[in-house]
Every structure is written in C-alpha cells, then in structure tokens.
Amino acid sequence: MTQKFDEIPELPKGSFERITLDAKQAERITKPSVSFWQDAWYRIRKNKGALFSLILFGLIVIMSFLGPVISPYEPNAQTITHANLPPKVPGIENLGILNGVGTLGGEKVDLYELKNVEVNYWFGTDGLGRDMFSRVWKGTQVSLFIAFVAAAIDMLIGVIYGGVSGYFGGRVDDFMQRIVEILTGIPNLVVVILFILIMDPGILAIIIALTITGWTGMSRVVRGQVLKYKSQEFVLAARTLGASDSRIIWKHLMPNVLGVIIINTMFTIPSAIFFEAFLSFIGLGLQAPDASLGTLINDGYALIQFAPHILAFPAILLSLIMIAFNLIGDGLRDALDPKMKD
Amino acid sequence: MEKILQVKNLELSFNTQAGEVKAIRGVNFDLNKGETLAIVGESGSGKSVTTKSIMRLLPEQSAEFKNGEILFGGRDLTKLSDKEMQKIRGKEISMIFQDPMTSLNPTMPIGRQLTEPLLKHQKISKTEAKKVAIDLLRLVGMPKPELRMKQYPHQFSGGQRQRIVIAISLACNPKILIADEPTTALDVTIQAQILELMKDLQKKIDTSIIFITHDLGVVANVADRVAVMYGGKIVEIGTVDDVFYNPQHPYTWGLLSSMPSLDTEDAKLYAIPGTPPDLLDPPKGDAFALRSEYALKIDMEQNPPFFKVSETHSAATWLLHPDAPQVEPPLTVIERMKKFPGSRYYEGGAV
Amino acid sequence: MAKYIGKRLIYMVITLALIATFTFFLMKILPGSPVASADKLSPEQRAVVEARYGLDKPLPVQYFDYMFGLVQGDLGISINQFKGADVTDVILSRMGPSAQIGFQGMVLGTVLGILLGMIAALRQNTWVDYTSTFVAIVGISIPSFVFASLLQYWFGLKWDLFPVALWNDGFMSSVLPSVALAMFPLATAARFIRTEMIEVLGSDYITLAKAKGASGSEIAFKHAFRNALIPLITVLGPMAVAILTGSLVVEQIFAIPGIGEQFVKSIMVNDFAIIMGTTIFFSVFLIVIILLVDILYGVIDPRIRLSGGKN
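Residue numbers (our numbering), protein chains in the order written: chain A, 1 to 342; chain B, 1001 to 1351; chain C, 2001 to 2311.
Possibly wrong hints are sitting among the right ones.
[Unchecked claim] Some but not every residue of chain B turned toward chain C, in silico, with C-beta under 7 Å:
1) L1057
2) Q1086
3) M1095
4) F1097
5) T1102
6) S1103
7) E1116
8) P1117
9) K1120
10) Q1122
11) S1125
12) Y1152
[Unchecked claim] Residues of chain C clear of chain A, computed beta-carbon distances all greater than 10 Å:
13) I2005
14) P2143
15) V2293
Because the hints were derived from the structure by calculation, they are not lab data.
We put the beta carbon where it would ideally sit given N, CA and C, even for glycine.
Working from the sequences, and respecting the hints, build out all of it.
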C-alpha cells in the first residue's frame, strides 16, 4: 500500500480518553451577521478609489457653498482694470507657480505689478475682471444643482413608470414599453437641443430638457428588476399571506430594487453634468451673467491662447467631479452587486 | 500492479488576502494502471484542488506548492515548467469538468474544439484530425457525427455536451483521465448513461481514471478504490468494499450514514453536525474531531497517522490505535460491516 | 431573424416619422419668423419671400409637403444662411470632414481601447492594469470638449505640432480632432474588454482549453478574445452617439467645416430649415447605426445567429 506508516510514538496515558464535544459548538456562527447595507458600506470603504472620490466630492460640495462666501469678491462684480489677471496665491507665489506671472506680448511679466493691482485673485480674473475663484465655485454650485435636480426627477419618473409597468405587467406593460421604445429611439442629443430651443434659456429649461427623455433609462432598469423579483418565491409567499399590493411593492420589492436605483442615479448625475456643460459650451446653456462650469469653460476657451487659467480651473473642477462620480458609481455597483460577493 | 501516478505528501496553499488557506495538507495516494480511483468528500475538502493541482490548473499567482511531489512518468509535475505541462495536459492526462453547459467554448464549432488537442499533440494533418474527431464522436455515442462537427455547443443537450467533453478528453488516448464530478450537473437518467459510457470507454482504451464525486452511489458504481478526503487530507483509503463495508474513520461512518438507502427502516436521515474546518486556521489534531461523537483527547492534540487495516485498506484515526477504546459505529454502519468478511461484526455471507 | 429585423424597421420608421413631425411643429411654434430681418421688409416683399419658401400655405399643407419631401430625401430649403440652398446639399457637402474625423476617432479609439483592455485583463492587478483602468476612467469622465481644448492648447499652441484650427492640412488637420473624439470609445472599449476578458478567462471552457494543453497565447487569442470581443458590439451604439455629440463641439474647437459645426452655427442664427434637417439627419444616422449594431450582433454571435434571436 501507498500510505506511509510512521512509527507510532509512545503516548501518555489518558490520551485515549473519550471526550464529548458540544455538537452545537461546531455549528456556532463565527462571522458576525451583517445586513446588506452594512456589508455594502464595508465594501465601499475597502474600495480606496471610491472612498477617496466620496471625500473629494464632499469637499467640492462644501467649497461650492463656501467658496463664493470666503472670496472677497462677488461672482458677478466686474473690475475692468483687473481683467485677465493670472492666479496669484500669497504663500505659494515664491514656488514659481500661481505667482501672478502671465504672458504679455510673448514675454513673461508679473501682470499684477504691471497693472498696479494690490490685491490677490487666487484663481485669477476673467476678461471682465471678475474673480474666477468665486465664479468657479458658484458655477460648480449651479452645475451640481442642475445635475442633482435632473437626476432626482429622472429617478422619480423612472421608478414610478418602470415600477408600474413591471409590477402590473400584461397589457399595461406592453403599452408602456412601446412608448419607451419609441422614446429611446430618439437620440437624446436631438431632444435636448430641440427643447432648449423652444424654451427660454436658463436653469429650468436645461433641467426640463435633460429630464424629458432621461428617465427612460431608469424606468427600464427598474422594470427589469421588478419583473425579476415579482415572480420570485418570497413575493409569492407574501401574496399568499394576504399582503396588499402597496405592501408588496414597498416592503418586498423596493429593498431589492433600491440597489440598482442608486447605482443608476450615480451614473445619471455625471451625465447630467456633462450635458449641462455641453449645452453651455455650444451656447445653449445659461445666459450671462449666470455661470455654470460649462459657460465658464466656454468663456475660457475663447481666451485659451492669452489667459489659459480661465479655462483651466473650471475644466479641472468639471473633470474632477466627473471622475469622482464615475469612481463612486463603479464602487457602488461593485458593493451593491451581490454577484460579486466573495 | 504498475503505479502510473504517485502523489506524495502533497501540501498546497492559496495565498489570499485573508491569509494562507491550507487547502491540501499532506495528501498521499497512488493511482494504478487501468484502475478507477474515486475521491469523495464534501465541498471544500480539497478533492477538486488535489486533482487540479495534478493538472496544474490552479491560478499560479495564488496557489503554491508547499511540500511533496506528484510523480508521473518519472517526473515531478510540481516542478515542471508551464511549457512542459502543456505537453502533458490533454495528451498524457486529461480532464472532464462538472458542468457541460459551460465547459465548451460557445463561439467555436465543436469540431474545432475536438481537433484542437489532436493538432496540438499529434503530428497529423487537419483532414486526419477531422477523421479522428468524427470517430471519437461516434465512440461516445453521438449520432450523425459528420453533421454535428460544424455545430456550436448550444445546439447540443447537456448529456450530449458531456459526451463531447469526454470525446475531447480522450482524443489523445491519455494515460490518466480526471473526471471532476462529471455527472453532478446532469439528470439522473443521463447520469447513468454517462457513467456507463465512461466504464465502457475505460475498458476499450485502458486508461486510469480519477473520479471525483460527493455521491457515494456513483462511487459504488464506477470505482475500484476509494479515497475519502476531509479538511485537505485523505482520512481513509481502500477498495470500494473496504470503505463501504468495513469503514474505520468516523467521518466515513458519517458519510455512509447520511446516504439515503431504500432498506433502512429508520426513516430519519443522518446529517453530520457542524461545518467543515476553516483551512485558514486548521485545527491542530484530527480535523474531524470537533464534529465527531467519537472524539478522543488525543484527537485535540495530535494528528492521527495512518493505521493499516488490511493490505488494501488504511485509515487515519486514533481509534485504530491499540490503546484506543472500542467504540460502536452507527447502526447502519454495523449493518454494513456484518456483511464484510474480516470485520469484527462479520456474520457470514458475502458482500 | 428576418421577423426581428422587420419589426425593428417598422419601429424605426415610426420613430423617424415622430421625430420629423415633432421637429416640424416645434419649429413652427418657435417665436419669431423664419425669415431673417423680417421686420425690415415691407409687407409686399415679405409676402414674396414667404411665397418663395411656401410659408404662405396653410400649416397642414406645409407639413405634408415637408413629410413628402423627406421621403424623397429632400430636407427643405435653407432660408437664412444659404439663401435658398437645398438643406440636403448643405449637409452632404459638409459630410466629408465629419465622417473623416468621426471614423478615424472611432477606429483609433476602439482599437487602442481593445488593446488596453486586453493587456489589463491579461496582467490583472499589476501596475499595467491599474494604469489602464485609470486611463479608462479619465477617458470616460473628461468631456471631449475639455480634452479637445487641452490638445489644442498643448499640441497646437504650445508645441506647434499640429495645425491649431485650420482644415487645410489634410490628414494632419484631422489628427487632434480625431484623438479628441477617440477618447470616449477608447475608454469604453478598454473597460468593457477588460471586464469581459476577466470573466471569460475565469470560465470553464478556458479551463478546459488549458486542460487540453493550449498555451497561454492560444488561450488568450483563440479562445478568450473572440468571446470577449463579441459583446463589445453592443456598446458600439453608445460610442457612435458619443462621437456624434462630441463632433458638435470638437468641430467648433478645431474649426472643421463639418455638419456639427454647421449645426451649432444654425442654432445661433435660427436657420430653422438647417436645424430641422440636421436633427433628422442625426436621428436617421444614430437609429440606423443602432439597428445595424443589433443585426451585426446577431450575425456574429452563433448563439443568436442560429437560434433566430434571443428574445
């Protein structure tokens, strides 16, 4: 035979006493029980990119409110003599960056000295001498507001529409889905532009244009999930026990669908931010003097050659917000997707 | 008997974020030419890992051989380069997997999947390979093999797909065929057909088979010898009759008692209490002791060595130590042992 | 499959008819007359102009005229910008540059993205993988107009490697806009292929291929790649949408005489006929692309091809 038979060592007396073990001991649960959300939160925390993005985004939100307040200048106050100043931050200026030096006629000069400006503009000024620092944060505030409201409306309409369609099924579902199919067939871009054209430009117009077809994505996802869960045994069991429609929807379906709703919203927000900036960039966004990140980028682009800082700050902020949201969205998707559970 | 494969004192760990998972903790067995060795055990006992380590199919980044060797044809498989392993895989040793629905490439016609190992390992032309492939399909009982060569996996049923996987594994007449729960995912009637096919083919091509399963009914049907695995170790090994009718390890007793049987009067099915050991931090002594009602004090302190029961049979339990107290196995096991000449409950008759 | 395509075609026609109708009436309720500087004209002059463009007919007649023209590929007549030019001709004359940068961007982005995603998946959890993931996230996040501005600033203005905003240098002029447009497809493809490859590499049939003795490269290319690539077709649609959206701003930034640039200009000067025409043209383009993508998917994936559609 193949097994090695080692010399059996001398064993102390009493080694072979029988012992009784509590069988329950063997079945004790070693891992603490965690709820779905606790588990999701734990996994979000482990995802460094998402966690970092969450903190970064928090800071940006705080700054978007705090920025215009701590800056000594009003976002829309024009000081024509202070136009197109590069950024200057006291303390950092000695490092050779943000020192107020800009190009004039191909030469590097301290524009603050040249124009006899005593004060500092941390992010510089734009072509009308407005403080970029307060403008950028104010613009961030506006962009985020538009994105959040648009995402919230998308979510509301999408969840109700998708929920009703999926839950009642049958002919209702058929009819509602035909409408969605046609709506999703129309390119988003076309709808948004057309709606902006017929409305007075402004925050409201942008929000309406973004939500007019934006909700279809959410409604599809919710409908899919509701269809999947409503035929599962736990819902059938609740129904057999006499639960009402509203109880089934709120107590049994919602908690399961909530994950995808959150994930989907997390991806709607950056796309709304993008579309707002996009519309502003092609001139269909907010009208002066209101500013959003998109209009600021548009303004900055016009002066890219002479005063690149006017483009740089809003562009960096917009990119940071977009990256942060995509990372948070990815993190949430991984955290809330039970398939990925290890 | 010619030993075709020898696994000696194999230890293998997975390096995971949580720590080192000691998946195989000293496994020894031989595989004889032409025999079928069944490895049984519950999920996580290390049976699949053992066979995948023979094929070296475990992820190289995380799986690490800690000790021991796998001798095949005079070479230690644990030491071979990936290039050298590629020449062994599919040619000398081949494998069948559990789920035929997912083990074939969905976007490749099955003909190409069949000829792939032939073209890879044997110096033959494409036309010849095609002919061999058609013969193989016929061999595994596939009707109209010429027509089916061009078809894709989704056009076949589960049983048919497993036949195709078997055909692929046999393409190069391997010396060893490893079947990792090949019938678990199939309907019972199809299961029987596949088992028949495998027994039939083994006779025809004289290959050795390692058959992994948790289904003791299947073991009795196909195997010559049985190794029972628990907690990353083999705890009992012997011929089918040895293990089924004269089991010695309390874990084997538990397995046999939890097997439903038509002639047991006691309608209540036995379940082994507790859960398998955590291999991140395996227990010091006998891994099964925590779940066993036959635990001895020594079980908590020292790992039991193998005790020889007969020429063909050995088990790793302190109960076989001369100083150990006589214990009564569960009733269903005693019933079995009554039929086995040489067991202490033998009452005459034959198995 | 034929039934499926037929159904899709019917939907397509309905959607397009709706878009055309919607656009038509939207343009009609827009404030102001379609005739520029209408105020300066005397009533007689104005009547002449309106008659020339058929604006004096009753609305339903105008609508049916327009729809009838559409079926024949006639998108109407430009009133403000090109004084009586055929909108179809205007769009066609501007298709070349748009098609060139769009196509170049798409091909460049997809090819690089596939490579990046493949490498990332094969070197999972190494610095190569992390770099590629980072590039992909940045590519998805940064809007094409920001990226285009950056390219223009550094490669055009600072380093003077490419023309800044001139469409007269042939291929060289198209490099920066194409790269700007390529970012989104690149990032999308890289993310998608990485996920798919990792999933495919972990599948049973890859283990079986390994068990057959296939080498690492045979597994990656013969078995995994095709299976990971097929689903990429499903994101070609969104990619095309992104390229088209991006082209509106990228063409503006690089002063490319394309459809996108024309469209933005028309919006600025309220040339309704061009706005309508371009809207419908864009819709047709995107809807046809998405239909083609779906059909292509059916043709390439044997599971769908032979069972005649999954749904």
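Outcome of the hint check:
The criterion of a C-beta within 7 Å of any C-beta in chain C is met by L1057/B, whose closest approach is roughly 6 Å, and the hint holds. Restraint check, Q1086/B versus chain C: the minimum CB separation of about 5 Å is within 7 Å; hint holds. With a least beta-carbon distance of about 4 Å to chain C, the hint placing M1095/B at the interface is held under the 7 Å criterion. Interface restraint check for F1097/B: the shortest CB-CB distance to chain C comes to about 6 Å, inside 7 Å, so the restraint holds.
With 7 Å as the threshold, the beta carbon of T1102/B comes within range of chain C, its nearest partner Cβ sitting at about 4 Å, so the hint holds. With its C-beta approaching chain C no nearer than about 4 Å, S1103/B sits inside the 7 Å limit, and its interface hint holds. Evaluation of the E1116/B hint against chain C yields a held restraint, the C-beta minimum of about 6 Å falling below 7 Å. With a cut of 7 Å, the hint placing P1117/B at the interface with chain C holds, because the nearest CB-to-CB distance is about 4 Å.
Interface restraint check: K1120/B against chain C, minimum CB-CB distance 5 Å, threshold 7 Å, status holds. Proximity of Q1122/B to chain C is violated relative to the hint, the smallest CB-CB distance being about 11 Å (cut-off 7 Å). Proximity of S1125/B to chain C is violated relative to the hint, the smallest CB-CB distance being about 19 Å (cut-off 7 Å). For Y1152/B, the interface hint holds, since its Cβ comes within 7 Å of a Cβ in chain C; the closest pair sits about 4 Å apart.
With a cut of 10 Å on Cβ distances, I2005/C stays outside the contact zone with chain A, its closest approach being about 15 Å. For P2143/C, the shortest C-beta to C-beta distance to chain A comes to about 5 Å, within the 10 Å cut-off, and the non-interface label is violated. The beta carbon of V2293/C is kept farther than 10 Å from every beta carbon of chain A, the shortest such distance being approximately 13 Å.
Hints 10, 11 and 14, counting from the list given before, are not met by this structure.
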